[in-house]
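*Asks:* Residue strings, one per chain:
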Amino acid sequence: MRVTFTANGKPVEADDVWEGESLLYVLRERVGLPGSKNACEQGECGSCTVYLDGTPVCSCLVAAGQVQGREVRTVEGLTDENGELGLVQQAFIDAGAVQCGFCTPGLLVQTDALLEQDAQPSDSDIREALSGNLCRCTGYEKIMDAVRLASARKCAKETSA
Amino acid sequence: MSTRTIQGQKNLQDIRQASKDGIGGSPLRPDGTLKVRGEFAYSSDMWHEDMLWGMALRSPHPRADILSVDISEALKVPGVYAVLTHNDIPGSKYYGLEIQDQPALAIDKVRYHGEAIALVAADHPETARRAVKKIKVEYEVLAPIVTEEQCLNPEVYGYVHEPHEYKSHGSGNIVHSQKLVSGGGVTDEIRALADVIVKGDYEVGMQDQAFLGPESGLAVPAEDGGIDLYVATQWLHVDRQQMAPVLALPEEKVRLTLAGVGGAFGGREDLSMQIHACLLAQHTGKPVKIVYSRDESFFGHVHRHPAKMTYEHGATRDGKLVFADARIVLDGGAYASASPAVVGNAASLGHGPYVIPNVRMEAIALYSNNPSCGAMRGFGAVQAAFAYESQMDKLAAELGMDPVELRQLNAMAEGDYMPTGQQIDSPAPVAELLQRVKDMPLPPPLDLDNLDIRQIPGALSNTSHGEGIVRGIGYSVGIKNVGFSEGFDDYSTARVRIEVIGGEPVAMVHTAMAEVGQGGVTVHAQIVRTELGVEQVTIHPANTEVGSAGSTSASRQTYMTGGAVKLAAEAVKQAVIDKGRRRYGWTQNDLTLAGGKVVSESQGSLISIVDLLGDEAIDLTREHHHRPTVPFDKETGQGFGHVQYTFCANRAVVDVDVELGLVKVVELTAAQDVGKALNPLSVVGQIQGGCTQALGLAVMEEIIVKDGKVRNASFTDYLIPTILDTPPIPVDVLELPDPHAPYGLRGVGEAPTVSATPSIVAAIRAATGLALNRIPVRPEHLTGTL
Numbered sequence: 001m002r003v004t005f006t007a008n009g010k011p012v013e014a015d016d017v018w019e020g021e022s023l024l025y026v027l028r029e030r031v032g033l034p035g036s037k038n039a040c041e042q043g044e045c046g047s048c049t050v051y052l053d054g055t056p057v058c059s060c061l062v063a064a065g066q067v068q069g070r071e072v073r074t075v076e077g078l079t080d081e082n083g084e085l086g087l088v089q090q091a092f093i094d095a096g097a098v099q100c101g102f103c104t105p106g107l108l109v110q111t112d113a114l115l116e117q118d119a120q121p122s123d124s125d126i127r128e129a130l131s132g133n134l135c136r137c138t139g140y141e142k143i144m145d146a147v148r149l150a151s152a153r154k155c156a157k158e159t160s161a
Numbered sequence: 001m002s003t004r005t006i007q008g009q010k011n012l013q014d015i016r017q018a019s020k021d022g023i024g025g026s027p028l029r030p031d032g033t034l035k036v037r038g039e040f041a042y043s044s045d046m047w048h049e050d051m052l053w054g055m056a057l058r059s060p061h062p063r064a065d066i067l068s069v070d071i072s073e074a075l076k077v078p079g080v081y082a083v084l085t086h087n088d089i090p091g092s093k094y095y096g097l098e099i100q101d102q103p104a105l106a107i108d109k110v111r112y113h114g115e116a117i118a119l120v121a122a123d124h125p126e127t128a129r130r131a132v133k134k135i136k137v138e139y140e141v142l143a144p145i146v147t148e149e150q151c152l153n154p155e156v157y158g159y160v161h162e163p164h165e166y167k168s169h170g171s172g173n174i175v176h177s178q179k180l181v182s183g184g185g186v187t188d189e190i191r192a193l194a195d196v197i198v199k200g201d202y203e204v205g206m207q208d209q210a211f212l213g214p215e216s217g218l219a220v221p222a223e224d225g226g227i228d229l230y231v232a233t234q235w236l237h238v239d240r241q242q243m244a245p246v247l248a249l250p251e252e253k254v255r256l257t258l259a260g261v262g263g264a265f266g267g268r269e270d271l272s273m274q275i276h277a278c279l280l281a282q283h284t285g286k287p288v289k290i291v292y293s294r295d296e297s298f299f300g301h302v303h304r305h306p307a308k309m310t311y312e313h314g315a316t317r318d319g320k321l322v323f324a325d326a327r328i329v330l331d332g333g334a335y336a337s338a339s340p341a342v343v344g345n346a347a348s349l350g351h352g353p354y355v356i357p358n359v360r361m362e363a364i365a366l367y368s369n370n371p372s373c374g375a376m377r378g379f380g381a382v383q384a385a386f387a388y389e390s391q392m393d394k395l396a397a398e399l400g401m402d403p404v405e406l407r408q409l410n411a412m413a414e415g416d417y418m419p420t421g422q423q424i425d426s427p428a429p430v431a432e433l434l435q436r437v438k439d440m441p442l443p444p445p446l447d448l449d450n451l452d453i454r455q456i457p458g459a460l461s462n463t464s465h466g467e468g469i470v471r472g473i474g475y476s477v478g479i480k481n482v483g484f485s486e487g488f489d490d491y492s493t494a495r496v497r498i499e500v501i502g503g504e505p506v507a508m509v510h511t512a513m514a515e516v517g518q519g520g521v522t523v524h525a526q527i528v529r530t531e532l533g534v535e536q537v538t539i540h541p542a543n544t545e546v547g548s549a550g551s552t553s554a555s556r557q558t559y560m561t562g563g564a565v566k567l568a569a570e571a572v573k574q575a576v577i578d579k580g581r582r583r584y585g586w587t588q589n590d591l592t593l594a595g596g597k598v599v600s601e602s603q604g605s606l607i608s609i610v611d612l613l614g615d616e617a618i619d620l621t622r623e624h625h626h627r628p629t630v631p632f633d634k635e636t637g638q639g640f641g642h643v644q645y646t647f648c649a650n651r652a653v654v655d656v657d658v659e660l661g662l663v664k665v666v667e668l669t670a671a672q673d674v675g676k677a678l679n680p681l682s683v684v685g686q687i688q689g690g691c692t693q694a695l696g697l698a699v700m701e702e703i704i705v706k707d708g709k710v711r712n713a714s715f716t717d718y719l720i721p722t723i724l725d726t727p728p729i730p731v732d733v734l735e736l737p738d739p740h741a742p743y744g745l746r747g748v749g750e751a752p753t754v755s756a757t758p759s760i761v762a763a764i765r766a767a768t769g770l771a772l773n774r775i776p777v778r779p780e781h782l783t784g785t786l
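For the protein sequence lines, the chains are A and B, in the order given. Per our numbering, the very first residue in the first sequence carries number 1; after that it's consecutive. Per our numbering, the very first residue in the second sequence carries number 1; after that it's consecutive.
If we strip away everything but chain A, and leave its shape as in the complex, we get:
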């Protein structure tokens, strides 16, 4: 089947899609967006998290056909309008929250969604919001630091604006 949707603001088209393919597979193997990661492909690890019509979802659990005509935003779409690193992306680098980096794309999308809802989450709020994203390298401490840093920068930016 053919699937057409919007990825990071651009129309994309995938041909010869097998009905059993996930959105994750189509992103990674058919439309050149391998940033979303394939750590478990059963919705347990969060590495493949993308926005689907503005809501974070595990793209491994979404059938490709379900995204027909819809809007997808992936980690590749978290940069700012000039293609520079987005605020959350920069905070993860600065805080040392990236080691192997395989969990990073999913955590970035989930953190972005959290800060969109609540720019100043408490530590418990952060832990709750990110509890569906596994990381095996960091012990999460630097990820906590990164989210706090992104939150502070976002608030500072909004205050100055």
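Hints were generated in silico from the structure; no laboratory data involved. Small disclaimer: the values here were computed from a predicted structure and weren't measured. Possibly wrong hints are sitting among the right ones.
What the hints assert, rightly or not - FRET-style restraints, in silico, Cβ to Cβ:
| id | chain 1 | residue 1 | chain 2 | residue 2 | range |
| --- | --- | --- | --- | --- | --- |
| 1 | A | D118 | B | T716 | 28 to 34 Å |
| 2 | A | W18 | B | A248 | 33 to 39 Å |
| 3 | B | T716 | A | T159 | 39 to 45 Å |
We put the beta carbon where it would ideally sit given N, CA and C, even for glycine.
Put chain B on the given structure of chain A with help from the hints.
*Replies:* Same frame as chain A, now just chain B:
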């Protein structure tokens, strides 16, 4: 031309200070930007035009004879390009890290649940999956050999490997054994010297590395008949060494390039899909990609050895250890993997960082029909630490002593001797590390009146209002070796180049080091900045065009390959200075490179590197070998077996819901001596990550194996700590230099994984009063329902 002095002494200091991104700083990872953009090319992201997807058929039985394999129906599936069995292997059919006992594809029998039998290459992963299902295998299923008793009685229960096929040094179903005796050993006379004796039987379940990036890679057949493999691994050269004979190719025609690695933790030391993808690529003449699913990943790599351990400690009334006696039985599973080295570590490190005058130890690894076990972070030192630290707490309770004081009273220090007879010849601040975690402020008590249920056991599951929660505190300390041991020369190679690019001096580092997330690439750039005084450093992709870097394991890469980068950079520095001496006749003996210039300590800058080099590049390669070690004596365990030791201490604070059996680790504090923190941010990240894997082993993680069958090969059923399970992890870093190591550094990654688990179990014991002799501790262990 005479020597020119461009700048004075004051400016020299400014130049020095400018290199803040050298060692001791925390510059950002060179791969960080790509990783947060989603543009970093992991092994599973590899893509090639016309590529095929490879997939393996795996055994559903832990032990069976294969009567027949029929691939005819699979070959008929449209889109299938090849179906291969062991008959299609062009070269040697066996491989292995230490002992070549593992067939690349099963030959007439399978020895563990998940063993690969046949391979398919197809145009789509789903086509491959369907074709795999159409391969017909006729099995004669046999009773698996899985318990210690079964393994040690092969006349009754059979052999995992028949005696005539034995390739190990062991006998029966024993892969390897190591005994150790020191002092007077453990005799009745020695026992009589102890006022108090404590005994315990301890058990550790099978832990998985659970790296997030699944085993994957892309094999591309080359025109010269060779093959190029892009793969996630821990050691490119030893992969190649095992692959080439199976592919019937000379090593130089098997070219490996490191693809992005999504974590490793020991699980990528053994081969997984490497040979399989290359066989399919050789056979089809097309590029072949293999990506494991998560369940296949659980079958596709070795795990941490489960262990059964018996310990006995004797002490005087005032707490001085008199003797220690232990037996450690590790289940190695179907194939040897790294079991011999794991046994060596268990035997030599299994009595912990304590001075014990009389010691006896026996460690063995068994062959069984359980999943193969090998390397995982902590490598043989983790299991024993749970036992000896549990014993320390038991002894402290028996003596009525404070558990930290008992440990400090017996703690080893520089100048003391290991039970192997090896003297500790660099700092060993065991007592101080314990004191540091003890002195850290404690987290506030649980406030039931202002309860955030997300912070209590059960958390988001909303299991209680905080009633039935008891707090406990526990301490532990552990010891780990750094680098490969027992006479192994795991040298590292580095190539450093300096040239002028765009009017700037630019250095390049080329090694075969597997960057698996630890940040070795950051550290290499830091070392070069410090040694060559240049800011711009590029990292060449890791591949087999340069010499071996050894494995990214054993906490060794900063020490070994970092050391090689230092040697190569020093050689380049000397070559740059010598070039200036030849050209300008410099006679000063205080020349170095800093701030992009050749500088004299006394006279300041002489010339810029740009002006000196012109369009010439200096490109040098050096090897770094650690000091030699020797194998342990087989019977006495004596010998200078380890390169370096590393120590970590922990304090755990836990809340236990004693009614529901739920545990929440409230805080996990660590203190570790790292010799010299080359990159403090990464060092702390390593310690926190290592502590968290130890937390997983303490209360969550176990591969459940029943009659040889794996029951929980998924992230739904094999649970690793989430951000809700993981507490704040305050880290106190000591820097006491090791005079034998580059920059005085000490390997970091593994010590916290060794030491942190027992502190958590000790804290749960303190909260519950239960014995808890098995990890992971499960709810049923706490509620008395087991």
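*Asks:* Each hint needs a verdict: does it hold in this structure or not?
*Replies:* Do the hints match the structure? See the list:
1. D118/A x T716/B: 28 to 34 Å: holds, 29 Å
2. W18/A x A248/B: 33 to 39 Å: Since the Cβ atoms of W18/A and A248/B sit about 36 Å apart, the hinted range of 33 to 39 Å holds.
3. T716/B x T159/A: 39 to 45 Å: Since the Cβ atoms of T716/B and T159/A sit about 43 Å apart, the hinted range of 39 to 45 Å holds.
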